[in-house]
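Asks: Spelled out from the first residue to the last, the chains are:
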Amino acid sequence: MIQMKHVEKSYRGVPVLTDVNFTIEPGEFVFLKGSSGSGKSTLLKILYRDIEDYRGEVHLNGQALRSMPRYETRRITGTIFQSFELLDRKTVYENVALAGEVVGRSEREIKAETMNLLDRVGLAGKEDRFPHELSGGEQQRVAIARALLNKPLVLLADEPTGNLDPENAEMILDLLKKFNESEGITMFIVTHAEELTRKFSARTLYVQGGRIQE
Amino acid sequence: MKITKVVTPQTPPVQRTSGPPSSAAFQLLKYYMRDVQEGIRRNAGAALATILLIFISLTITGAMVLLKTGVDDVIRYLNDQVKIKVFVDRQVDTEQVANILAGTSFVKHVEVETREDALTKLQRLFRNMPHLFESFRGSNLPDAILIELADQSQVETVARELAATKGITDVIYAQEFAAQVLHWSNLISTYGGIVLLIFLLASVLTVGIAMNLSLYQRQKDIRVKLLLGAKESHVRGQFLLEGVIIGFIGSLLSACAVYLIYDYALYELQIRFSAVFDFSALSLNLTLLGVILFGMLIGLIGTYLSTGKMMKHG
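Sequence lines, in order, name chains A and B.
Residues 66 to 279 in our numbering are what the first sequence spells out, letter by letter.
Residues 5 to 318 in our numbering are what the second sequence spells out, letter by letter.
Just so you know, not all the hints are guaranteed correct.
For each label pair, taking beta carbons as the anchor points, the in silico distance ranges come out as [as the list claims (entries may be wrong)]:
1. L205(B) to P134(A): 33 to 41 angstroms
2. S287(B) to A129(A): 56 to 64 angstroms
3. L309(B) to A177(A): 40 to 48 angstroms
4. L264(B) to M180(A): 46 to 54 angstroms
5. S287(B) to D153(A): 50 to 58 angstroms
6. D153(A) to K313(B): 22 to 30 angstroms
7. D118(A) to Y195(B): 45 to 53 angstroms
8. H197(A) to Y268(B): 48 to 56 angstroms
9. Y220(B) to A129(A): 31 to 39 angstroms
Under 8 angstroms between C-beta atoms, here's a sample of chain B residues computed to sit facing chain A [said to hold, decoys possible]:
10. Q31
11. K229
12. L231
Heads up, simulated BS3-like pairs for lysine-lysine below, C-alpha to C-alpha not over 27 angstroms straight-line [what the hints assert, rightly or not]:
13. K98(A) to K216(A)
14. K235(B) to K216(A)
15. K176(A) to K243(A)
16. K155(A) to K34(B)
17. K112(B) to K89(B)
18. K110(A) to K98(A)
19. K110(A) to K313(B)
20. K235(B) to K176(A)
21. K176(A) to K34(B)
22. K70(A) to K98(A)
23. K34(B) to K235(B)
24. K112(B) to K170(B)
25. K98(A) to K74(A)
26. K313(B) to K34(B)
27. K74(A) to K235(B)
28. K110(A) to K224(B)
29. K224(B) to K191(A)
30. K224(B) to K235(B)
31. K313(B) to K74(A)
32. K176(A) to K224(B)
33. K216(A) to K34(B)
34. K216(A) to K155(A)
35. K243(A) to K191(A)
36. K176(A) to K242(A)
37. K191(A) to K242(A)
38. K224(B) to K216(A)
39. K224(B) to K155(A)
40. K191(A) to K176(A)
What the hints contain is simulated information worked out from the structure, not anything from laboratory work.
Everything numeric in this text was worked out from a predicted model, so none of it was measured.
For glycine and all other residues, C-beta sits at the position ideal for the given N, C-alpha and C.
Could you put the whole structure together from the sequences, leaning on the hints where they help?
Replies: Structure follows, in structure tokens:
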């Protein structure tokens, strides 16, 4: 599903990623760990095309990343972030529905899918709330529902539990694991929560000195 | 290090949009119209300022275009006046006299105004008083010779000499100020165009600034939309649409103002001085249409310029 070959990235001459090679199979649940500034987020940004100027080859779903339009990459990869990235002026429902709107899905389809996902992430009945009326854990669950609305093949998570207390953090990882198992969505999760991830029997990649180690 | 690899069966690729492409395009348009509305509401101050400047610029533009038509009418009227009009004895051949005058050094151009030409002019002059025109129709109007001089300052001297010439029954010529009016009209036309251009450039810049402000306020919205898989062109299209709508509102108000200027001022002029002014309905409608189209174009260009950066770094 995800393949990186000899990927290199540097900022102003300082190398961050050096000869990165790894493959993630379809349906895998993979953690990416490393110390702060080790290049974990950079690696993820390459995958969701926030960074385009890198060396090496990246393949997603068997297709070279550079050969597909950026919007197409982003339609097959859902992304969630530590800061949730929800729109404050939109309600929970509108935040999730936005994912369907930008790709031109019908209102009926969006409504059915949004309500279903909000129910599955445990936010049924809170669709009219605004983000600031929710806890951090709830906001992240809204972000997960939004990322999954267009049924991506891969979900990329950049420190999804970074802003959460341990209880909520575990709940979020549980939720991601549940979607991974039920939908077969490939999960690639950047985290530095060592203790928390030990509870999950998952493949773990480490970024050290700009290289990937397993 | 213990490595546990969990591999679950791959799900087949999912259908991400439903219905035919045109249906998706219609849905997108609907969502964008809603977002445009929200964008204008959220950025109401800047939108109002832009609408106001477009309104001012295009009202001045429209009014100047109409006035230019009026000035052209005045110029045409005065042009007739700066020429010397010579009536010759009915026994003398008008064409022959015209040819002789054309050969003299003080004459630049000569033309013969026949009875039919004179009647056409009178018809325009008395278009609101047809009964007066009818009284001329039956009269025995003479042919006339219109002389344009090589040197306008010699009008009086030449007119006196012509009046004393045998076979010439009457000489009519304009006052000196007519030539001066012509001179100033030309200057106003030229510099008016420059002022107009400055106003229009200011409008485009204001639209650009308003859109930059709007883009700044909605950076997160734009980023999230792009992260969710929106096409850059669609996100930009939404802003272009917003610019066009702002331009349309401003220019529609201008068109109303220009119409009122015509109705209250120019139409009155036309009624009072029908010999001079001739504003046709076609030129008025074309001006109003031009104002509206130009406003939309200003909105489009201003937004296009300000969103260019977004396309590069979105």
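Asks: Of all the hints numbered above, which does this structure not satisfy? Sort the numbers upward.
Replies: Of the numbered hints given earlier, the structure breaks none, since each of them holds.
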